[in-house]
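Trainee: The chain contents come next:
Number of protein chains: 2
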Amino acid sequence: MYIDRPASYTDYYELTMAQGYYLSGMHERRASFDYFFRKNPFDGGYVIFAGLKELIETINSMSFSPEEIDYLVNEGFDKEFINYLEEFEFTGNIWSVKEGEIVFPNEPIVTVEGNLLETQLIETLLLNVLNFQSLIATKACRIKFAAGDNSTILDFGLRRAQGLAGIHATRAAMIGGFDGTSNVYSAQRFKVQAGGTMAHSWVQSFNDELTAFRTYAEHYPKNTILLVDTYDTLGSGVPNAIKVGKELREEGYELQGIRLDSGDLAYFSKQARTMLDDAGFPDVKIAASNQLDERVIASLRTQNAPIDVFGVGTRLVTGDNSPALDGVYKLSSIGGDPTLKISENIEKITLPGHKKIYRYLNPDGSFYGDALLLDSETILERMHHPTFPAQKSNLNGRNYEELLFQVIKDGKLHVDLPSVKEIAEYKKERFSKLNPEFKRFDNPHIYKVGISTRLMETRDNLLNLLKP
Amino acid sequence: MYIDRPASYTDYYELTMAQGYYLSGMHERRASFDYFFRKNPFDGGYVIFAGLKELIETINSMSFSPEEIDYLVNEGFDKEFINYLEEFEFTGNIWSVKEGEIVFPNEPIVTVEGNLLETQLIETLLLNVLNFQSLIATKACRIKFAAGDNSTILDFGLRRAQGLAGIHATRAAMIGGFDGTSNVYSAQRFKVQAGGTMAHSWVQSFNDELTAFRTYAEHYPKNTILLVDTYDTLGSGVPNAIKVGKELREEGYELQGIRLDSGDLAYFSKQARTMLDDAGFPDVKIAASNQLDERVIASLRTQNAPIDVFGVGTRLVTGDNSPALDGVYKLSSIGGDPTLKISENIEKITLPGHKKIYRYLNPDGSFYGDALLLDSETILERMHHPTFPAQKSNLNGRNYEELLFQVIKDGKLHVDLPSVKEIAEYKKERFSKLNPEFKRFDNPHIYKVGISTRLMETRDNLLNLLKP
Chain A
1 MYIDRPASYT DYYELTMAQG YYLSGMHERR ASFDYFFRKN PFDGGYVIFA
51 GLKELIETIN SMSFSPEEID YLVNEGFDKE FINYLEEFEF TGNIWSVKEG
101 EIVFPNEPIV TVEGNLLETQ LIETLLLNVL NFQSLIATKA CRIKFAAGDN
151 STILDFGLRR AQGLAGIHAT RAAMIGGFDG TSNVYSAQRF KVQAGGTMAH
201 SWVQSFNDEL TAFRTYAEHY PKNTILLVDT YDTLGSGVPN AIKVGKELRE
251 EGYELQGIRL DSGDLAYFSK QARTMLDDAG FPDVKIAASN QLDERVIASL
301 RTQNAPIDVF GVGTRLVTGD NSPALDGVYK LSSIGGDPTL KISENIEKIT
351 LPGHKKIYRY LNPDGSFYGD ALLLDSETIL ERMHHPTFPA QKSNLNGRNY
401 EELLFQVIKD GKLHVDLPSV KEIAEYKKER FSKLNPEFKR FDNPHIYKVG
451 ISTRLMETRD NLLNLLKP
Chain B
1 MYIDRPASYT DYYELTMAQG YYLSGMHERR ASFDYFFRKN PFDGGYVIFA
51 GLKELIETIN SMSFSPEEID YLVNEGFDKE FINYLEEFEF TGNIWSVKEG
101 EIVFPNEPIV TVEGNLLETQ LIETLLLNVL NFQSLIATKA CRIKFAAGDN
151 STILDFGLRR AQGLAGIHAT RAAMIGGFDG TSNVYSAQRF KVQAGGTMAH
201 SWVQSFNDEL TAFRTYAEHY PKNTILLVDT YDTLGSGVPN AIKVGKELRE
251 EGYELQGIRL DSGDLAYFSK QARTMLDDAG FPDVKIAASN QLDERVIASL
301 RTQNAPIDVF GVGTRLVTGD NSPALDGVYK LSSIGGDPTL KISENIEKIT
351 LPGHKKIYRY LNPDGSFYGD ALLLDSETIL ERMHHPTFPA QKSNLNGRNY
401 EELLFQVIKD GKLHVDLPSV KEIAEYKKER FSKLNPEFKR FDNPHIYKVG
451 ISTRLMETRD NLLNLLKP
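Those protein sequences? They're chains A and B, same order as listed.
Residues in the first sequence are numbered from 1 upward in steps of one, following my numbering.
Residues in the second sequence are numbered from 1 upward in steps of one, following my numbering.
Heads up, a few of these hints could be off.
[Said to hold, decoys possible] List of simulated lysine to aspartate or glutamate pairs, EDC-like, C-alpha gap at most 16 angstroms: (1) B:K222 - A:D78; (2) A:K191 - B:D70; (3) A:K348 - B:D232; (4) A:K222 - B:D78; (5) B:K191 - A:D70; (6) B:K222 - A:E75; (7) A:K222 - B:E75; (8) B:K467 - A:D208; (9) B:K348 - A:D232; (10) A:K191 - B:E75; (11) B:K467 - A:D232.
For the record, the hints were derived by calculation from the structure and aren't laboratory data.
Predicted model, so just to flag it, every value in this text is computed and none were measured.
So here's chain A without its partners, still in its complex pose (with noise of 0.2 angstroms):
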């Protein structure tokens, strides 16, 4: 379960909405809501959607306790709605695209349709869990992209996580790339793998670091990576890594690695590799870690830096300098019928109705542009850019897949939600279709996001009314 009371990990004004639809006999209108972004994170051309598994489970089983009935109580909620929320359960349906799926800029990743007491009570929920997997699904992907295929990258942001957060950082890192986590929480519940060696501290508990290493390698002998910058790196640090590395190799061992946390990585990477070399170890490896981020590692990368393997924190699990996906959650239909926002800003204006998306592909399978259409739209032959609709593409004699299923139906979990190692096998497999110049980090090309012509007369038809 994502929180222990979730039907109060809520907006207040959920509750005065809820109650206010409940007094006015509407609460039972059906009513349809999209949840989409407007903007990719970190500058980007894509996003991994992540987090769907929890925010499924937790609606599928969510219901008011005790307490939280109490405090509604307490707060002034009318006593006939407070008994209708003591029986509350979703009812509703919800289509999504898969966990792990590339999506885009005003695609409804997920729809949710139900009565509109329900499909609004679980806006803020919906929201908390997939705007913030979703964009460290996609910043690890990001860093896993730059660091390359051949290298290992490590979550180590526990501590540097927004609290909490850190939890569900470490599961979005994995979907997103990464290859195992220093967070032993986190693995034990999303059954991924944890590891870590030493810290600073260990080398200055021992009178001297040689001894620190000596010891270490004494308990750990096949698993051996030594912390080398807590005095002086290149005059003591790797010396005594080598020392140890000898000693264990007498002892039938071989020495896994050392790791660099400070100074200048690409500068230490190289003397260490060339001293490791020199010495007879040159399949041991070479971790870094500090403050990386994917453009570290890129230049890393671009200065031939030997590191092999790459320990991210607080960049990987905190977004950097884009800590928010900016996902929103809107209504698009209501009793049956079609809705729209209107906004000062064009951009920020919904597309109306219940709608479907096809990804369309290239000849060799790699994604072309996606279109959005109203449900009962099968066959397209062109779509139209959203906001600029004379601009369109041709569609004719493209293949296409459909990217929204049903998880939830009439209330009861439809399908088997995979687990956090399935999802990140699907990203790769995925990421792979998406073109290099969508992966680029700057000014990377903008991926295809198109409307059909029926979905833009409603829109039109809408605003028109609204607004004439």
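The hints should help you fit chain B onto chain A, whose structure is shown.
Mentor: Coordinates of chain B only, in the frame set by chain A:
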């Protein structure tokens, strides 16, 4: 409790080190660690310390659950070590500044003393709790400072919080100076005020805006705040709000406010204020939201935007462009002897030994500067700049306060820890003693934090010894 399994809410290397200490017979050696940060977040002049109560309560009741023990067995940890952990409880001592205190870089805000194993094991938990809550309390304080004491500021951040970080973001925001929150979960848990009225979806769920407003006012006549920007802020939103305000008045109620959530908030608030005043509603408050932070609010203040209530979300709860406080936890003594960590960066060399903090005051009671001294010292005549010792401050004749107090003694809670409301009061009082030059957003004055002559000599002697 902060988390259900606190013992495994940790980095894996804390466990490998703990086992190494245990198997080497070193685990009972006495050790001290200091928690401190190196840089004020947000390019600011101070930090508000937060998170202490939850940290202390969690450490105080920490043990390894059967599931955690099973995990360690499966991971291949030593049987005797696991037996030891089954009996684990924290038996050491913790000193801390008060929660809500104003603190500065390089001060040992928390000192943990005990056996090497237990003091090492709590590192990750301590950093995870304190770094985040202190970050957000600081951000909240800055926002309150910009908005001014006569405004109301509300936390709207749950939907964009970093997953479960939303829980403690609200707690920290209240400590930093916020007046209320939309977050129902945290309001219940921390006994603070939650509130909220309507989203755009409420307005869209009715055939027209006026009916939406009327229906809300009917159900909440004493607490009607109308969201006026769903279709056309000045063309329909404000006029409809005025219409409903008149109808409420006929029933003996007063409209409480309107809320702006898009567009130019300075322009719209001025126009709306004039319209409301002209219609006889000078007491209707104007609330504003939409990507606010301390700089946007300061700018609105400069433009004399008549906004009474600010709802702040994303940029409060994530810390925006400074999403992590860089707090660290460093070994300062081992086996009774002071120790330090050397670094390639001078600023990263740590301060050895068990220390205390004296806060020196100006004659008017405002804060002059803080001195770090060894626990055995009592009177200081001067303090030195930590990295440029020739720079001195004379302390003769100044009053001072001691900032660190013992919170855990021999593993037992030593004091009553205050509630969130009490902490917020304490913060407010302390913040009033910080002079304005430390509070400004651009190039704040740097608060003096010096070290005693004896502490300096202890450090320098150790440096000579370790790196002759």
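Trainee: Looking back at the numbered hints, which does the structure fail to meet, lowest number first?
Mentor: none
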